[in-house]
Amino acid sequence: MGEIRLVEVVEHPIDAGLLEAAVADPRAGAIVTFSGNVRDHDHGRQVAELTYEGHPSAEAVLREVAKEIDAAHEVIALAVAHRIGPIPIGEAALVAAVATAHRGEAFEACRALVDLTKEKLPVWKHQRFTDGTEEWVNCA
Amino acid sequence: MGEIRLVEVVEHPIDAGLLEAAVADPRAGAIVTFSGNVRDHDHGRQVAELTYEGHPSAEAVLREVAKEIDAAHEVIALAVAHRIGPIPIGEAALVAAVATAHRGEAFEACRALVDLTKEKLPVWKHQRFTDGTEEWVNCA
Amino acid sequence: MADVGAGTVQVHLFAAARAAVGQPMVETEPGTLGEILGRLEEQFPPFRQVRPRCSCLVDEVAAHDEAMQVPGGGRIDVLPPFSGG
Amino acid sequence: MADVGAGTVQVHLFAAARAAVGQPMVETEPGTLGEILGRLEEQFPPFRQVRPRCSCLVDEVAAHDEAMQVPGGGRIDVLPPFSGG
Numbered sequence: 001m002g003e004i005r006l007v008e009v010v011e012h013p014i015d016a017g018l019l020e021a022a023v024a025d026p027r028a029g030a031i032v033t034f035s036g037n038v039r040d041h042d043h044g045r046q047v048a049e050l051t052y053e054g055h056p057s058a059e060a061v062l063r064e065v066a067k068e069i070d071a072a073h074e075v076i077a078l079a080v081a082h083r084i085g086p087i088p089i090g091e092a093a094l095v096a097a098v099a100t101a102h103r104g105e106a107f108e109a110c111r112a113l114v115d116l117t118k119e120k121l122p123v124w125k126h127q128r129f130t131d132g133t134e135e136w137v138n139c140a
Numbered sequence: 001m002g003e004i005r006l007v008e009v010v011e012h013p014i015d016a017g018l019l020e021a022a023v024a025d026p027r028a029g030a031i032v033t034f035s036g037n038v039r040d041h042d043h044g045r046q047v048a049e050l051t052y053e054g055h056p057s058a059e060a061v062l063r064e065v066a067k068e069i070d071a072a073h074e075v076i077a078l079a080v081a082h083r084i085g086p087i088p089i090g091e092a093a094l095v096a097a098v099a100t101a102h103r104g105e106a107f108e109a110c111r112a113l114v115d116l117t118k119e120k121l122p123v124w125k126h127q128r129f130t131d132g133t134e135e136w137v138n139c140a
Numbered sequence: 001m002a003d004v005g006a007g008t009v010q011v012h013l014f015a016a017a018r019a020a021v022g023q024p025m026v027e028t029e030p031g032t033l034g035e036i037l038g039r040l041e042e043q044f045p046p047f048r049q050v051r052p053r054c055s056c057l058v059d060e061v062a063a064h065d066e067a068m069q070v071p072g073g074g075r076i077d078v079l080p081p082f083s084g085g
Numbered sequence: 001m002a003d004v005g006a007g008t009v010q011v012h013l014f015a016a017a018r019a020a021v022g023q024p025m026v027e028t029e030p031g032t033l034g035e036i037l038g039r040l041e042e043q044f045p046p047f048r049q050v051r052p053r054c055s056c057l058v059d060e061v062a063a064h065d066e067a068m069q070v071p072g073g074g075r076i077d078v079l080p081p082f083s084g085g
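Chains as they are written, first to last, in this note's numbering: chain A, 1 to 140; chain B, 1 to 140; chain C, 1 to 85; chain D, 1 to 85.
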């Protein structure tokens with residue numbers, strides 16, 4: 001079993017370097033970090049403003065997600081954080097970092113961590129576009 | 001075509017945050033960063049000291065590798081750096097960062113960039129172990 | 001915050017569900033989960049579009065059966081499809 | 001640095017090849033790539049273990065044919081298998 005070093009749902013900017021530092025380990029040959037950032041466009045529309053809303057259980061769910069990935073992969077250490085509230089264009093909504101002995105495992109475990117977080121985490125993305133329209137993503 | 005923002009072979013520590021910042025882009029929804037770090041063990045032996053030697057063409061080859069990955073993937077921006085000389089345990093030998101619109105492409109392009117770099121880059125890893133033995137990796 | 005009587009059920013609404021109902025919480029009479037959500041659809045017609053896509057928690061546990069009874073003092077969370085990351 | 005005559009070939013050795021030969025560069029007479037590497041094997045026996053795993057550049061271009069002539073003033077780079085990352 002690896003170590004789950006940091007699991008957070010926060011309302012402030014996520015420092016990817018902090019998560020990378022959290023998973024650093026002398027046994028680790030590979031660290032893969034994913035940063036999911038707010039884009040300036042979505043399906044051809046210009047995004048003016050983006051906000052994530054989170055359910056009160058979000059951080060507990062994120063911890064379960066982290067445990068599930070740790071159990072399924074050869075992880076040395078992992079860290080994952082999701083931001084809620086308004087997020088400016090270009091800043092990160094989700095950052096995940098995974099340290100493993102070899103690189104293949106790091107890419108696979110990090111991708112699985114991101115995919116499972118997106119599937120299970122009770123958070124919702126609201127976009128307001130420059131053309132005045134708005135949407136709750138996945139619930140249009 | 002994406003932008004190749006940073007390609008370097010250096011003799012000092014690599015700052016992964018610098019590569020991540022280099023590929024940041026308002027169009028990017030995903031940034032995947034790989035850090036290949038010096039481990040304290042290899043095939044059961046404790047590593048005491050690790051040094052990379054590079055051929056004078058290394059940086060030019062790394063640039064060709066970056067171009068090939070950019071041409072083969074939907075990349076917005078990429079950056080890649082390899083360190084040579086002695087590297088302390090836990091520090092990075094290779095860092096690659098790739099920004100794309102969506103996450104699948106970022107994981108795939110970053111992994112391809114790392115794999116191709118390992119295949120093509122004329123650099124050599126020398127390990128000295130705590131038991132007094134030493135080796136040129138891949139050339140034992 | 002509304003005063004929570006022991007006899008009522010709190011329905012907490014999130015994201016698109018909250019937007020459709022126009023408020024984050026509605027207090028209503030006990031009943032089955034299906035009855036309670038049906039009452040919300042009558043009272044807040046925009047909720048009709050959102051409800052079929054939502055999952056529910058009853059007292060913090062995922063509820064898959066709309067025939068489930070929700071007694072007074074119970075809590076329902078209405079969760080639209082997630083869109084994290 | 002040795003004085004480079006126009007009539008000699010410089011063989012630059014890296015990593016395990018350099019370690020086997022004991023020096024980073026050897027100057028030798030022109031000949032085919034195969035002849036020159038064979039001469040190094042005779043002169044530096046530990047190079048025999050490493051040579052079969054090495055690739056070569058002749059004047060900075062990958063050389064796949066050991067019958068290739070390397071004239072005076074030419075440069076050979078002997079590259080063991082890479083182990084970057």
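No lab work stands behind these hints, which were simulated from the structure alone. A virtual CB, placed ideally from N, CA and C, is assigned to each residue, including glycine. One or more of the hints may lead you astray.
With beta-carbon atoms standing in for the labels, derived distance ranges [unchecked claim]:
#1 ARG53(C) - PRO26(B): 56 to 62 Å
#2 GLN49(C) - GLU91(B): 50 to 56 Å
#3 GLU74(B) - PRO30(D): 24 to 30 Å
#4 GLU42(C) - HIS102(A): 56 to 62 Å
Now the stretches of chain D that chain B is said to cover, found in silico as 3 or more residues with beta-carbon under 8 Å [stated by the list, open to error]:
#5 10-17
#6 77-85
Practice task
Starting from the range 56 to 62 Å, see whether the pair ARG53(C) and PRO26(B) falls in it by beta-carbon distance.
Solution key: 30 Å, violated
Handout entry: GLN49(C) paired with GLU91(B), Cβ distance criterion 50 to 56 Å
Key = 54 Å, holds
Exercise for the section: Given that the segment 10-17 of chain D was listed as covered by chain B, double-check it with a C-beta distance under 8 Å for 3 or more residues. Expected result: The restraint on the segment 10-17 of chain D holds, since 3 of its residues have a Cβ under 8 Å from chain B and three suffice.
Practice task
With a C-beta cutoff of 8 Å, work out whether three or more residues of the segment 77-85 of chain D approach chain B closely enough for the coverage to hold.
Solution key: holds (count 8)
Handout entry: C-beta pair GLU74(B), PRO30(D): status relative to the range 24 to 30 Å that was hinted
Key = 49 Å, violated
Handout entry: Consistency of beta-carbon spacing, HIS102(A) to GLU42(C), with hint 56 to 62 Å
Key = 58 Å, holds
Of the numbered hints given earlier, the model fails hints 1 and 3; all others are met.
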